[in-house]
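**Q** Going down the list, the protein sequences come from chains A and B. For the first sequence, counting from 1, position 169 maps to 169 in this note's numbering; every step adds exactly one. Numbers in this note's numbering are just positions in the second sequence, counted from 1, shifted up by 1000.
In case anyone wonders, no lab produced these hints; they're calculated from the structure. Hints may be right or wrong, so weigh each one.
Calculated Cβ distances over 10 Å to all of chain A for the following chain B residues [what the hints assert, rightly or not]:
#, residue
1, A1048
2, A1052
3, I1112
Between beta-carbon pairs, the in silico distance windows are [claimed, not checked]:
#, chain 1, residue 1, chain 2, residue 2, range
4, B, A1012, A, D239, 42 to 52 Å
5, A, A59, B, L1042, 43 to 53 Å
6, B, A1012, A, A138, 34 to 44 Å
7, B, A1086, A, G169, 28 to 38 Å
8, B, F1064, A, L80, 42 to 52 Å
9, A, A12, B, A1012, 35 to 45 Å
10, B, I1015, A, L241, 45 to 55 Å
11, A, P173, B, I1015, 43 to 53 Å
12, A, G107, B, P1024, 15 to 25 Å
Here the structure is a predicted model, which is why all the values come from computation and not from measurement. Yeah, the Cβ is synthetic: ideal placement off N, Cα and C, and Gly gets one too.
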Amino acid sequence: MPDINGRGSGFATDARAFRAGLAAALSIPGFILLASAAGFGALARDAGLSVGNANVMMAALFALPAQVVMVDQLARGGSLIGAILAVSLIGVRLLPMTVVLAPFLGGRHAGRWSKLVAVHAIAITAWIEGFRRLPAVAEERRMAHFLGIGTGLIAASLAGTTIGYGLAGAVPPALSAALLFLTPIYFILSLLQTANRNGDLLAIVIGALLGPLAFHFAPGFDLLLTGLIGGTAAFLVADRLSPEARLADPPSARPDGPGGVT
Amino acid sequence: MSGLGSGWGTAALIIAIAILAHEPWRWLGLYVGRDLDIDGVLFRWVRAVATAMVAGLVMRLLVFPAGALAGVPMALRLAAFAAGIAVFYAARRNLAAGVAGGAAVLIAGGYIV
């Protein structure tokens, strides 16, 4: 649970902070990432990519949605410009995630190059784990801890890609459906576990309702629209409902707005 | 770009696209976020945007699934999802319990439906 200036994990050395991050990554999140990377491995094989290049793609992009889009472009023989645009568009969502994690990446204790390396691990899983764990770690150990998390997650995803590539088609459908189900359930529970303000909960609910609608009406832009519209609505409503805001300005003064969601 | 599935050319292409089109978002996020006040308005807004985005992605994966999950009826997918959340809270917000509970309902439901 994010607890700024926390009590909590006082690792004596960077090496210990790294190892603890590695161990954290190689438990539930690593397993779930391994399962979803296996799905990607199977997809890549299906599209005619070699196992080596499936792993190159996993390591270079390290964000499954972008990988799926790129495989799709390669498989359909789409244009290079099309692939670049699609990958760039789908990568925009990494921007707010990195912004949110950046203040926790060690401040002045961490060098610029280590930060550039560290943010490569930022995709949803590392974002969730970092967001959940870093606030409780002493500032000077956060970079080492996050590098450990990132290393573990990337290792798990490369292993998953290779396994999925090798097993493609050999896994019974019921099992592979269950494996595909792990990602959404893990993401939502992690979000719920990390939510520590009303605004977080509201953002989860509005985003969940908006996501499928946005995908239906504007596929390709859906995550961006969901984030911007849903996140902004949740932020505005939560800001109104917070105690300070209520003192300054009764919520009844502004009954409109996108609040009536539940 | 067809027929480029293996070989160094494809590897170089993948890496080039990743560095040109994908990685800059992470660098930009680092630049924008490094000195942000985590109690400030801007940070709280971006945090809400990121959270809503992930929640939206979750529902997309669930409502419009790919691969074998698409073969599972929507009602069962949603029931397993709800069960996972219920188990999570029942087990005092235990992540592993919730994930396992949801997956168990999905698998068990598959035999019943």
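**Q** Over 10 Å from every CB of chain A: does B/I1112 meet that, or does the non-interface label fail?
**A** At roughly 12 Å from the nearest Cβ of chain A, B/I1112 sits farther out than 10 Å, so the non-interface label holds.
**Q** Quick one: are B/A1086 and A/G169 within 28 to 38 Å, going by C-beta?
**A** holds, 34 Å
**Q** Is it true that the C-beta distance of A/P173 to B/I1015 lies inside 43 to 53 Å, as the hint says?
**A** violated, 34 Å
**Q** Should the label of B/A1048 as a non-interface residue stand, given a Cβ cut-off of 10 Å to chain A?
**A** B/A1048 is in fact no farther than 10 Å from some Cβ atom of chain A, at 4 Å.
**Q** Falls inside 42 to 52 Å, the C-beta gap from B/F1064 to A/L80?
**A** 27 Å Cβ-Cβ, so the 42 to 52 Å window is violated.
**Q** Could you say whether the range 35 to 45 Å given as a hint is met by the Cβ separation of A/A12 and B/A1012?
**A** The hint (35 to 45 Å, Cβ to Cβ) holds, given that A/A12 and B/A1012 are roughly 43 Å apart.
**Q** Can you tell me whether the CB distance of A/G107 to B/P1024 sits inside 15 to 25 Å?
**A** holds, 23 Å
**Q** Would the non-interface assignment of B/A1052 survive a Cβ cutoff of 10 Å against chain A?
**A** Violated, because the least Cβ-Cβ distance between B/A1052 and chain A comes to about 3 Å, which does not exceed 10 Å.
**Q** Tell me if the beta carbons of A/A59 and B/L1042 are separated by a distance inside 43 to 53 Å.
**A** violated, 32 Å
**Q** Has the hinted range 45 to 55 Å been met by the Cβ atoms of B/I1015 and A/L241?
**A** Holds, at about 47 Å.
**Q** 34 to 44 Å was suggested as the range; check whether the CB atoms of B/A1012 and A/A138 agree with it.
**A** Cβ of B/A1012 to Cβ of A/A138: about 41 Å, so the range 34 to 44 Å holds.
**Q** Measuring from beta carbon to beta carbon, are B/A1012 and A/D239 in 42 to 52 Å?
**A** Check passed, 47 Å falls within 42 to 52 Å.
In summary, the numbered hints that this structure violates are 1, 2, 5, 8 and 11.
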